[in-house]
Amino acid sequence: MTGEAWLQIGLLMLVVLLLAKPVGAFLARVYEFQPLFGLDKLFGPLERGIYRLCGIRMDDEQNWKQYAAACLVFNFLGFLAVYAIQRLQGSLPLNPAGMKALPPSLAFNTAASFITNTNWQNYAGESTMSYGTQMAALTVQNFLSAATGMAVLVALLRGLARKTTSGIGNFWVDVTRSVLYVLLPICVIFSLILVSQGVPQTLERYVHVKLVQPFEPAAATGAAARPGAVTSQTIAIGPVASQEAIKELGTNGGGFFNANSAHPFENPTGLSNFLEETAILLIPLAFCYTFGRMVGDTRQGWAIMAAMVILLLAFMIPCVITEQAGNPLLAKYANQRQTTLQPGGNMEGKEARFGPINSAIFVSTATGTSTGAVNSMLDSFTPLGGLFPLWLIQLSEVAPGGIGSGLYGMLMFVLVTVFIAGLMIGRTPEYLGKKIEAFEMKMASIAILVPPSLALLGAAVACVIAPGVAGIANPGAHGFTEILYAMTSQANNNGSAFAGLNGDTPFYNIVGGLIMLIARYWTIIPPLAIAGSLARKKIVPAGSGTLSTHTPLFVFVLLGIIVVVVALTFFPALALGPLAEQLQTFAGHF
Amino acid sequence: MSATDGSAHADESNSPGGRGQTKPPRCGGFLTMLRAALVLLTFCTVLTGIVYPLAITGIARVLFPWQAAGSLINRKGQPTLHRRSAIGSAQIGQYFNQPWYFWPRPSATSPVPYNAAASGGSNLGPTNPTLIAHIKQRVQALRNADIGNSAPIPVDLLTSSASGLDPDESVAAAYYQIPRIARLRRMSPRRLKKLIARYTSGPQFGLLGEKVVNVLELNLALDRAAPYPPAPGASFNHLRRATVR
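Heads up: the sequence lines are chains A and B, in that order.
Numbering-wise, the first sequence is residues 1 to 590 according to the working numbering.
Numbering-wise, the second sequence is residues 591 to 835 according to the working numbering.
Keep in mind that the hints were calculated from the coordinates and are not lab data.
On a predicted model such as this, the values are computed, not experimentally measured, just so you know.
We put the beta carbon where it would ideally sit given N, CA and C, even for glycine.
Some hints here could point you the wrong way.
[Claimed, not checked] What the simulated footprint calls covered on chain B by chain A, stretch by stretch (three residues with Cβ under 8 Å from a Cβ of chain A suffice, anywhere in the stretch; the number is not a length): (1) 623-630; (2) 684-695; (3) 724-734; (4) 756-770.
Start from the sequences and build out the full structure, keeping to the hints where you can.
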């Protein structure tokens with residue numbers, strides 16, 4: 001790996017880690033109702049107005065079942081709204097390109113995808129969705145699915161911090177405050193910076209320009225194109241920046257355009273690329289500090305953050321190395337060496353302004369969180385280069401994982417680790433003074449086992465039935481990887497794609513939609529149940545035999561548990577896909 | 591849902607004494623919940639789905655009018671806000687296949703390359719025989735357009751971009767094409783190198799992203815500097831084959 005690559009990774013990590021403490025402290029203030037540097041004065045009246053209309057009070061407390069029910073009802077209504085808007089798109093305003101209504105199965109998949117913070121996309125934005133749908137359906141759910149994740153996490157943190165109570169906060173209040181005080185203010189600033197870099201933000205219709213050099217399509221693409229010279233270019237634009245900002249900050253990942261963050265209008269410069277990576281990592285990592293603050297021991301937060309960063313880097317660095325090395329099969333034809341004049345490496349499916357280094361860093365960042373944005377096409381990564389993003393998703397999105405969901409997912413692993421470590425040293429398992437008992441273990445196990453089960457079962461089914469196999473674009477082991485990636489991505493609410501797979505079929509739309517819904521809500525309900533159970537317990541003071549959960553040793557055991565429980569679960573499947581393909585490139589026949 | 595809710599009420603008697611919160615859970619019945627959900631969803635739809643994007647649109651139009659409208663440029667390569675005079679966008683590549691222009695990176699968009707209303711990559715896997723076949727065709731096209739140039743071809747000039755709309759290529763990719771264009775346009779390689787340097791940017795702040803050449807802007811500048819076909823006797827070195835180190 002070259003110096004540039006180390007520098008880029010180092011800079012990104014430096015910035016997000018420096019921001020983690022101030023942002024994390026701010027988040028703690030938001031959820032503990034402390035003054036917010038004037039922001040609460042600005043939005044306070046609005047906030048109180050909403051609560052009045054909702055018929056709730058700010059200090060109303062819900063128990064975990066009420067909290068979970070509120071979450072499900074709210075998300076279900078969001079689902080209906082997104083579905084309805086897509087189906088009625090043709091007759092709704094803000095549709096200058098005249099986009100038609102989406103077919104039911106695609107609308108179902110997209111609605112399931114956006115309410116679950118997955119943002120899997122079986123459609124191409126610029127040729128499917130009107131400006132109105134992008135704004136009022138998709139952008140809204142980008143905010144609300146992120147806020148849902150944040151709310152669930154905060155409820156779990158309250159469960160850990162409180163004692164002998166049944167209240168774990170109020171879902172409506174947590175969602176409202178997440179949107180008003182965290183997501184929206186950052187997005188306003190971030191989207192304007194994006195516009196300054198060249199991201200469009202307009203409601204005007206697509207631009208038509210006359211080409212500088214008209215061309216015969218047949219000469220350009222072979223046979224399939226239309227006859228007659230191509231003389232003009234239609235440039236899709238729209239309200240991109242406002243959606244792009246929350247797409248990254250909310251770890252959503254659903255692009256305005258088909259090419260996602262590879263599109264020059266979503267991600268025009270090195271700076272926009274860096275800021276998008278920063279936005280993706282910002283809140284998931286900052287929440288570790290929030291966690292430490294809320295449970296009254298910031299060392300606990302730093303320990304978990306260390307585990308997350310170690311995992312992320314352990315996958316990001318080899319991804320950069322393999323992509324910089326290039327594709328051995330192209331060595332005969334192309335100069336893939338890095339020089340001062342070119343970045344070199346594996347450039348199929350990559351943008352020149354990013355090159356292999358920034359492409360690999362971005363996709364690792366986006367798959368390590370549950371963002372699913374891409375600035376390069378994973379399908380064209382080298383087999384090993386594509387393996388690392390896929391494996392990052394298969395870690396159940398805890399490195400550092402999605403907004404809110406990353407930390408509550410990680411805390412499930414922490415509970416399992418505490419339990420196993422407790423058995424090893426013969427002590428009652430305790431975490432932050434709370435006894436970890438059978439109920440917590442059951443719930444944590446469900447949350448941990450649901451995503452891998454869905455991914456592997458889904459991939460297995462898709463591989464043996466005709467509608468599943470029909471979607472494959474590339475032959476051989478790579479085709480299997482496409483299916484495995486699609487199912488993994490949806491079962492972990494990531495949303496990125498090995499885009500070769502044709503997912504817009506009734507089979508993939510419906511099965512994928514169901515997988516996303518099950519994966520999301522069966523990783524939300526168990527943490528809330530644990531929150532309810534822990535909130536009711538007493539806090540046992542730490543004694544000499546208490547396992548300390550902030551030490552490097554604990555971080556090491558936690559990483560070991562994650563690798564054994566989820567990473568290795570997928571190893572046989574990975575051997576059939578990317579690993580087999582990599583061996584083929586070494587052998588030179590495929 | 592109401593069943594869940596009811597049972598929740600029954601078995602959750604609140605015991606006082608936690609970190610503060612001692613009030614009994616109030617957010618009760620299903621209707622209360624539905625009302626809150628409806629109000630909050632409506633409010634958030636208006637705020638984040640309408641007010642927020644419209645406000646950003648308004649502010650962006652004042653602060654960054656050119657970028658907000660799609661970074662359009664006219665034939666002189668200058669920024670323009672008028673769609674009528676626009677020849678393209680500085681952020682979006684165009685397809686060039688005539689030998690007297692710099693060729694951009696290959697584009698896999700459908701049905702024609704550089705279709706800016708349908709972005710996307712080839713999604714060909716690294717071992718896919720189709721990918722290798724495409725690369726071979728591109729090598730052949732470049733070699734045919736510049737007989738005798740046997741320099742190794744920079745990889746980005748042979749591989750399709752992720753968006754299919756990549757406005758840029760590496761400096762190496764532009765340099766590779768200098769001999770061909772110098773010959774056809776009767777320009778000196780040195781002058782072409784200078785022109786390339788003018789449209790080269792990055793890494794941003796010397797740090798972020800890669801060093802790249804904007805191909806559309808470069809080609810527009812090329813047309814201004816030395817129109818094709820060249821005027822008779824316009825240049826000095828058209829008889830010997832231009833070479834670039």
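Consistency of the hints with the structure:
Residues of the segment 623-630 of chain B lying with their CB closer than 8 Å to a CB of chain A number 8, which satisfies the three-residue condition for coverage. Evaluation of the coverage hint for the segment 684-695 of chain B: fulfilled, as 7 residues show C-beta separations to chain A shorter than 8 Å, against a requirement of three. Against chain A, the segment 724-734 of chain B contributes 3 residues with a C-beta closer than 8 Å to a partner C-beta. That satisfies the three-residue criterion, and the hint holds. A stretch counts as covered by a chain when three or more of its residues have a beta carbon under 8 Å from one of that chain; for the segment 756-770 of chain B and chain A the count is 9, and the coverage holds.
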